[in-house]
Amino acid sequence: MWAYWQSVPAHWRELPARYRLEGGKCRDCGHTTLPDEMVCPVCGSKNIERINLPRRGKVVNYSVIWNAPRGYEYYTPYVVALIELEDGTRIFSQLTDVHPDEVREGMEVEMVLRKTRVSGESGLIAYSYKFRPVMD
Amino acid sequence: MRADRKVGIVGWGVYVPKWRIKSEELARGWGRDWNRYAAGIMVEEKSVPGIDEDTFTIAYEASVNALKRARLDASLLRAVYVGTESKPYAVKTTATMLIDALGAGGNGRLTTGADYEFACKAGTEAMQSVIGLVGSGMIEYGLAVGADTAQGAPGDALEYTAAAGGAAYIIGPAERSVAIIEASLSHVTDTPDFWRRQHERYPAHTRAFTGEPAYFKHIVTAARELMSLMGTGPEDYDYAVFHQPNGKYPLRVGTRLGFTPDKLKPGLITPYIGNTYSGSALVGLAAVLDQAKPGQRILVVSFGSGAGSDAFHIEVGDGIEEVQGLAPKTLDYVSRKEYVDYTTYARYRRMIRMLHDFSAY
Amino acid sequence: MVYIVGAGLTKVGNHWNRSLRHLAAEAALSAMEDASVEEVDYVVVANALSGVINGQENLASYVTTHLGMTGTPAVKVEAAGASGGAALLMARSLISGRMADRVMVVGVEKMTDYTALEDSTAALSTFIDSEYEAFPGGTLDSIHALMMRAYMRKYDVPREEFSHLPVLMHENASTTPHAQLRFKLKPKSYEASPVIAEPIKMLDLAPLSDGAAAVVLSREAGREFSVEIVGSGQATDTISAYRREDLTQLPSVRAAFKRALSESPDFKPDFYAIHDYSSVMGYVEAEELGLAGRGEAAQFFSSEEARRNGSSPVNPEGGLKARGNPIGATGVYQAAEAFLQLTGRAEGWQVPGARSALLLSVGGLGANSVVHLVRGV
Numbered sequence: 031m032w033a034y035w036q037s038v039p040a041h042w043r044e045l046p047a048r049y050r051l052e053g054g055k056c057r058d059c060g061h062t063t064l065p066d067e068m069v070c071p072v073c074g075s076k077n078i079e080r081i082n083l084p085r086r087g088k089v090v091n092y093s094v095i096w097n098a099p100r101g102y103e104y105y106t107p108y109v110v111a112l113i114e115l116e117d118g119t120r121i122f123s124q125l126t127d128v129h130p131d132e133v134r135e136g137m138e139v140e141m142v143l144r145k146t147r148v149s150g151e152s153g154l155i156a157y158s159y160k161f162r163p164v165m166d
Numbered sequence: 005m006r007a008d009r010k011v012g013i014v015g016w017g018v019y020v021p022k023w024r025i026k027s028e029e030l031a032r033g034w035g036r037d038w039n040r041y042a043a044g045i046m047v048e049e050k051s052v053p054g055i056d057e058d059t060f061t062i063a064y065e066a067s068v069n070a071l072k073r074a075r076l077d078a079s080l081l082r083a084v085y086v087g088t089e090s091k092p093y094a095v096k097t098t099a100t101m102l103i104d105a106l107g108a109g110g111n112g113r114l115t116t117g118a119d120y121e122f123a124c125k126a127g128t129e130a131m132q133s134v135i136g137l138v139g140s141g142m143i144e145y146g147l148a149v150g151a152d153t154a155q156g157a158p159g160d161a162l163e164y165t166a167a168a169g170g171a172a173y174i175i176g177p178a179e180r181s182v183a184i185i186e187a188s189l190s191h192v193t194d195t196p197d198f199w200r201r202q203h204e205r206y207p208a209h210t211r212a213f214t215g216e217p218a219y220f221k222h223i224v225t226a227a228r229e230l231m232s233l234m235g236t237g238p239e240d241y242d243y244a245v246f247h248q249p250n251g252k253y254p255l256r257v258g259t260r261l262g263f264t265p266d267k268l269k270p271g272l273i274t275p276y277i278g279n280t281y282s283g284s285a286l287v288g289l290a291a292v293l294d295q296a297k298p299g300q301r302i303l304v305v306s307f308g309s310g311a312g313s314d315a316f317h318i319e320v321g322d323g324i325e326e327v328q329g330l331a332p333k334t335l336d337y338v339s340r341k342e343y344v345d346y347t348t349y350a351r352y353r354r355m356i357r358m359l360h361d362f363s364a365y
Numbered sequence: 004m005v006y007i008v009g010a011g012l013t014k015v016g017n018h019w020n021r022s023l024r025h026l027a028a029e030a031a032l033s034a035m036e037d038a039s040v041e042e043v044d045y046v047v048v049a050n051a052l053s054g055v056i057n058g059q060e061n062l063a064s065y066v067t068t069h070l071g072m073t074g075t076p077a078v079k080v081e082a083a084g085a086s087g088g089a090a091l092l093m094a095r096s097l098i099s100g101r102m103a104d105r106v107m108v109v110g111v112e113k114m115t116d117y118t119a120l121e122d123s124t125a126a127l128s129t130f131i132d133s134e135y136e137a138f139p140g141g142t143l144d145s146i147h148a149l150m151m152r153a154y155m156r157k158y159d160v161p162r163e164e165f166s167h168l169p170v171l172m173h174e175n176a177s178t179t180p181h182a183q184l185r186f187k188l189k190p191k192s193y194e195a196s197p198v199i200a201e202p203i204k205m206l207d208l209a210p211l212s213d214g215a216a217a218v219v220l221s222r223e224a225g226r227e228f229s230v231e232i233v234g235s236g237q238a239t240d241t242i243s244a245y246r247r248e249d250l251t252q253l254p255s256v257r258a259a260f261k262r263a264l265s266e267s268p269d270f271k272p273d274f275y276a277i278h279d280y281s282s283v284m285g286y287v288e289a290e291e292l293g294l295a296g297r298g299e300a301a302q303f304f305s306s307e308e309a310r311r312n313g314s315s316p317v318n319p320e321g322g323l324k325a326r327g328n329p330i331g332a333t334g335v336y337q338a339a340e341a342f343l344q345l346t347g348r349a350e351g352w353q354v355p356g357a358r359s360a361l362l363l364s365v366g367g368l369g370a371n372s373v374v375h376l377v378r379g380v
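Residue numbers (our numbering), protein chains in the order written: chain A, 31 to 166; chain B, 5 to 365; chain C, 4 to 380.
If you are wondering where the hints come from, they were derived from the structure by calculation, not from laboratory data.
Note that this is a predicted model, so its numbers are computed, not measured.
Incorrect hints may have been included.
Said to hold, decoys possible - Only pairs whose alpha carbons sit at most 30 Å apart, straight line, appear in this in silico DSS-like list of lysine-lysine:
no.: 1; chain 1: B; residue 1: LYS22; chain 2: A; residue 2: LYS88
no.: 2; chain 1: B; residue 1: LYS333; chain 2: A; residue 2: LYS88
no.: 3; chain 1: B; residue 1: LYS26; chain 2: B; residue 2: LYS252
no.: 4; chain 1: B; residue 1: LYS22; chain 2: B; residue 2: LYS267
no.: 5; chain 1: A; residue 1: LYS76; chain 2: A; residue 2: LYS88
no.: 6; chain 1: B; residue 1: LYS221; chain 2: B; residue 2: LYS91
no.: 7; chain 1: A; residue 1: LYS88; chain 2: C; residue 2: LYS157
no.: 8; chain 1: B; residue 1: LYS341; chain 2: A; residue 2: LYS88
no.: 9; chain 1: B; residue 1: LYS72; chain 2: B; residue 2: LYS91
no.: 10; chain 1: B; residue 1: LYS22; chain 2: B; residue 2: LYS221
no.: 11; chain 1: B; residue 1: LYS10; chain 2: B; residue 2: LYS22
no.: 12; chain 1: B; residue 1: LYS26; chain 2: B; residue 2: LYS96
no.: 13; chain 1: B; residue 1: LYS72; chain 2: B; residue 2: LYS341
no.: 14; chain 1: A; residue 1: LYS88; chain 2: B; residue 2: LYS72
Construct all of the structure, not just a fragment, from the sequences and the given hints.
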C-alpha cells in the first residue's frame with residue numbers, strides 16, 4: 031500500500047476542517063471555502079479569516095460509487111456529493127446513513143462525524159465529516 | 005458521596021444509530037426459533053452501528069446534543085470523560101478525539117480527558133468523576149459520556165442484546181443545572197460474571213451467575229444504601245432507572261426494590277434498541293429527563309460486570325422543560341430506524357472479512 | 004518554427020511482459036528511425052503515474068538510461084492526463100527558446116501492473132484533490148459522474164444519448180492497428196455495462212492501458228516527413244470540481260484553444276483529437292471547441308460530421324475510449340497519430356486528405372488542458 035495513504039500527519043493537520051468544518055472567509059469579498067485558502071479564489075485577497083462553517087446544507091450533485099479505491103471497498107456502494115452549506119460554501123463530502131436510491135438533488139443534509147479512512151487493523155482511524163439526511 | 009458544592013445536570017444528549025435488527029432475524033441466522041427466547045430476553049430488536057460508526061462517533065453526536073441542551077459553548081468544558089468497553093483504540097484515548105472534535109477546553113485545549121472502563125458502568129463512573137471535579141470547585145463544567153458498540157459473540161445469547169448507542173451529560177454548578185444530583189454512591193466487589201480478555205474480540209460470561217450474585221446483588225445494595233443515606237424509599241421517587249442488559253432484569257430488580265412498573269417503564273429503553281452497555285442506564289436516564297417535570301425525583305443505578313453499581317439521587321429542577329426540545333429526544337432516535345438482515349448486520353459489524361481488507365475496523 | 008519529424012508508437016493494451024523501459028524504448032527508437040536521426044539534444048518524458056504505480060520516479064534518467072542516451076538532458080513532465088500535451092508544449096518551447104535544436108518527446112504509461120481495479124482507481128484518485136475529494140472517498144470517475152449528472156440535468160439529456168461517442172470510437176478503432184479495443188460496440192451493450200460511479204457506466208470510460216508513443220521535434224524540417232506545430236496553448240482550472248461554477252463547461256479547454264489559435268488565427272483543423280476520458284467529457288470538449296452547440300454534442304457524435312470521412316472527424320484512430328488510454332502518454336499518441344495522418348501513413352484509419360489537426364490533451368476534469376495545432380508541410 032502507498033505510504034502517503036497512511037500518513038498520520040497528513041490527516042492530523044487537517045483535523046480542524048475534518049472535525050469541525052473550520053474553513054476560510056475572505057474579509058474583502060466574503061467568499062468562503064473548505065479548507066481555508068491563503069488566497070481568495072474569487073477576488074485574490076490574502077485577507078482571509080478562519081471561521082466555522084454551517085453544519086447544514088443541501089445536495090447539489092452526487093455520484094454513487096460502486097468501484098471504490100483501495101481502502102473504501104468495504105463501504106460500497108456509497109454516495110459522494112457536492113454540498114452547498116447554508117452560507118453558500120460548496121464542499122465535497124461522502125453521505126452516510128442513506129441508501130443511494132434515496133439521494134436527491136436538493137436533499138437537506140447535516141454534518142456528522144464518521145470513520146472515513148481506516149489504515150487496517152493496526153493503523154490510524156481517520157474520522158471526518160460526512161453528511162446525512164437531516165433528522166427532523 | 006455528596007459534593008461540597010451542589011452540582012447537577014446542565015444538559016444531556018443521546019445518540020442511537022438508525023439501523024436495527026430484529027431478534028427474530030438474529031435467531032434465524034443461527035437456525036433458532038426466537039419464540040423460545042423471547043420471554044427470557046424481552047428485547048424485540050436492537051440497534052446496529054453503521055459501517056462507519058464507533059464509540060467515538062456515537063459519543064460525538066450525543067455530546068453535541070448535550071451541548072445544545074446545555075446552551076453551553078464547548079470551550080468551557082474542562083473535563084471530558086468517556087466510559088466505554090468498545091474503545092476504537094486499545095491505547096489512545098477516545099476523549100482526546102472528542103475534545104478536539106468539540107473544541108473542549110477552548111483553543112488552548114485546557115481540559116482533562118480520559119476513557120473509563122468498568123464494563124457497563126463506565127459511563128456513570130465518568131459522571132461521578134466529573135461530579136467530583138465540579139463539586140470540589142476545580143472546574144465549572146465537565147462532560148461525561150457512556151457509549152458503546154457492544155460486543156456479543158455471534159450465535160451467543162448476548163448477540164440478541166449487544167447494541168450501539170450512548171448518552172452524554174454536561175455536569176455543572178447547581179445554579180446552571182436543570183436537575184440536581186443530590187448524592188451518588190457506589191458498591192464494588194470482585195465478582196467475575198463477565199469479562200473480555202486483552203486482544204479478544206468478544207466477551208465471555210457466566211450465564212446465570214451474571215444474575216443474582218452480580219446484577220441483582222450490586223444494584224440492590226447500591227440502591228438501598230443510597231436511599232438509606234438520603235432517608236428515602238421507593239415511594240419518594242417518580243422514576244427509577246437501572247442498568248438494562250435485557251428487558252427483564254431491570255423490571256425484576258425494580259420490583260424487588262419496591263418500584264411500581266409505571267416508574268420503571270419511562271426509562272426502560274433496552275427492549276427497543278438493545279443493551280448499549282456503558283450507555284445503557286444513561287440512555288434510560290436521558291429518556292426520563294426528556295419528559296421529566298420540575299420537582300420530580302429520579303433514582304438511577306447502573307451496573308458494571310466485574311462487578312459494581314453506581315447509584316444517583318437526582319432532583320429535577322426548574323427550567324428543564326425549556327431545554328427538553330433543544331435537541332433530538334431519546335425516542336426520536338429510537339423511532340428513527342431501518343431494519344437490516346443478518347448479512348448486512350454481519351457486514352456492518354465487520355464480522356465478514358474481505359480479501360486485502362485494508363479498511364478493516 | 005518547430006516541426007515533428009518522426010513518430011513511433013507501441014500497440015496500446017495489456018503489455019504483461021513489458022515494463023516502462025521496454026515500452027519507452029520501442030516507441031523512442033522507432034521515432035528516431037522514422038525521423039532518420041541518431042541523436043537528440045533533449046528528452047522530455049511524459050508520464051502521470053510511474054511513481055504511484057511502478058514505484059519509479061526520476062523517470063527521465065530512467066528512460067535515457069534504457070535508451071542508451073546517458074548524458075542527454077532529460078526531464079519528466081506530469082500534468083495528469085494532459086502530461087503528453089504538456090510535454091509536447093515544453094519540448095516545443097525548448098526549441099523556440101533556443102535551448103535545443105532537436106528534442107525527443109516520449110510518453111509512456113504502465114497501468115496494468117496494478118491488476119486490481121481498487122488500486123488503479125486509487126492511483127487515478129491522485130488526479131483529484133487528495134485531501135478534500137479523494138480522502139472523503141471521491142474518485143476521478145465520480146467527478147466525471149458529477150459532470151454527467153449536471154449535463155443531463157441542464158440539457159435534459161437521457162443517459163442512453165451518451166452512447167454515441169463510445170460507439171463511434173469503437174467503430175474507428177476497429178480498423179486502427181495499434182488500438183486496444185478493436186471491436187464495434189452496440190448501443191445495447193453500452194446500456195448493459197456495469198455502473199462504475201453512477202451515472203457513469205463502464206463503457207462511458209476509457210480503458211486503463213499500457214503504451215508508449217514518441218515524436219522527434221526539430222527546428223529543421225525533416226528529410227522525408229514534416230508536420231509543423233503552428234500553435235500551442237495551455238490553461239488550468241481548479242483541481243477541485245466542487246469549486247467550479249458550472250460543471251457543464253471546461254473553461255480551461257476554451258482558454259487553451261484560444262491561446263493556441265492566437266498563434267494561427269486562420270487555422271482550420273481537418274480532424275480533431277480530443278481527450279474522451281469519459282463520454283460526457285468528450286461531449287463538453289466538442290462543445291468547447293465549437294464542434295457542437297451547448298447540449299448538442301449527442302447529435303454531433305451521432306451525425307456523419309464526426310466520422311472519419313465526415314466534415315469534422317473526431318478521433319479517427321478511436322480516441323481514449325477505444326484506441327486506449329495510456330494516461331500520461333496519450334497526448335504524445337495524439338501527436339504521433341497526427342503525424343502519421345498528416346503524412347498520409349495512417350493506413351486503415353486515414354482521414355482522407357487530412358492536412359491539419361487539432362490536438363486536445365486534458366488532465367483531471369479539465370484541471371489542465373493543452374491544445375496543439377499541427378499542419379502538414
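Here is what the structure says about each hint:
Our distance criterion of 30 Å between C-alpha atoms is met by LYS22/B and LYS88/A, whose separation comes to about 21 Å. About 24 Å separates the Cα atoms of LYS333/B and LYS88/A, which keeps this hinted pair within 30 Å; it holds. For the proposed pair LYS26/B and LYS252/B, the alpha carbon gap of about 17 Å is at most 30 Å, so the pair holds. Annotation: proposed proximity of LYS22/B to LYS267/B holds, straight-line Cα distance about 27 Å (limit 30 Å).
About 29 Å separates the Cα atoms of LYS76/A and LYS88/A, which keeps this hinted pair within 30 Å; it holds. This hinted pair checks out: LYS221/B and LYS91/B have alpha carbons roughly 28 Å apart, not beyond 30 Å. Using a Cα cut-off of 30 Å, the hinted pair LYS88/A and LYS157/C holds, with the two alpha carbons roughly 18 Å apart. Between LYS341/B and LYS88/A the alpha-carbon distance is near 22 Å, which keeps this suggested pair within the 30 Å criterion.
Between LYS72/B and LYS91/B the alpha-carbon distance is near 25 Å, which keeps this suggested pair within the 30 Å criterion. Proposed proximity of LYS22/B and LYS221/B is contradicted: the alpha carbons are some 34 Å apart, above 30 Å. Restraint check for LYS10/B and LYS22/B: not satisfied, since their Cα atoms lie roughly 37 Å apart, outside the 30 Å limit. In summary, the hint linking LYS26/B to LYS96/B is not supported, as the alpha carbons are separated by about 34 Å, beyond the 30 Å threshold.
Distance hint between LYS72/B and LYS341/B is fulfilled; the C-alpha atoms sit about 23 Å from each other, no more than 30 Å. For a cut-off of 30 Å, the pair hint linking LYS88/A to LYS72/B stands: about 22 Å separates their Cα positions.
The structure shown violates the earlier hints numbered 10, 11, 12.
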